[in-house]
Amino acid sequence: MTTTSPHPATLTIPVSGMTCAACSGRVQRTLEKTEGVNSANVNLMTGAATVEFDPDATSPERLVDAIRSTGYGAELPASGARSEDLLETQDLARAAEVRDLRRKFGVSMVVAVLAMVFSMPLAEMTGSGAMADPLMRLMMPLNDVLLRAFPPLGEVSADGWRWTLLALTLPLVGWAGRHFYSRAWAAFRHHSADM
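Residue numbers for the sequence shown follow our numbering, so the first one is 1 and each next one is one higher.
Treat the hints as calculated values from the structure; they're not laboratory data. Predicted model, so just to flag it, every value in this text is computed and none were measured.
Computed Cβ-Cβ distance ranges for the label pairs, DEER-style:
(1) Leu92 / Leu135: 39 to 47 Å
(2) Asp159 / Ala21: 45 to 53 Å
(3) Ala186 / Gln90: 15 to 23 Å
(4) Ala21 / Ala96: 23 to 31 Å
(5) Gly25 / Gly154: 50 to 58 Å
(6) Arg29 / Leu142: 47 to 55 Å
(7) Ala186 / Arg94: 13 to 21 Å
(8) Ser69 / Gly127: 48 to 56 Å
(9) Ala93 / Arg29: 21 to 29 Å
With a straight-line cut-off of 25 Å between C-alpha atoms, the simulated DMTMM-like cross-links for lysine to aspartate or glutamate are:
(10) Lys33 / Asp56
(11) Lys104 / Asp91
(12) Lys33 / Glu61
(13) Lys33 / Asp54
(14) Lys33 / Glu75
(15) Lys33 / Glu52
(16) Lys33 / Asp65
Here a beta-carbon is modelled for each residue, glycine too, at the ideal position from N, C-alpha and C.
Sequences are here, hints too, so could you generate the full structure?
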């Protein structure tokens, strides 16, 4: 609900978890509907909401609660914090996120190669039409090398390979893809769809 205050206050609140324009639009609409808010501008690129509000009608804590009600993270900046400090904090958080994503990518690639190699004997055993795939025909000589290097692998049943692949990939999907699932769950809980 928009009101006009003779002495409005302006506050910039860092918002985390936004990934698209629909996310920032949802936060902005929610803030604009909050009682005591004169205007709100949510910037996806900076990850911040700038809110002009009537301090007699609402409080910064209520604004943060309104943002959190949309399923995104928000924290009040420390009192007396400068915008440069806020930007530096956001930059550090983004750098940490990039490092984490790079690590997850590296581990995922190693597990993906292992899963591909371990799935070759399974494809050959089950005759699932995988041999029609030109890439599989190209890679099958690697299967022969693998079975010659480790003869006991030839005795593993198709179900054994399936369980091995499940044990190899399921933890990775849960670990590397966790942020996708947690954000999707937050969007579902708040009856919204996002990217």
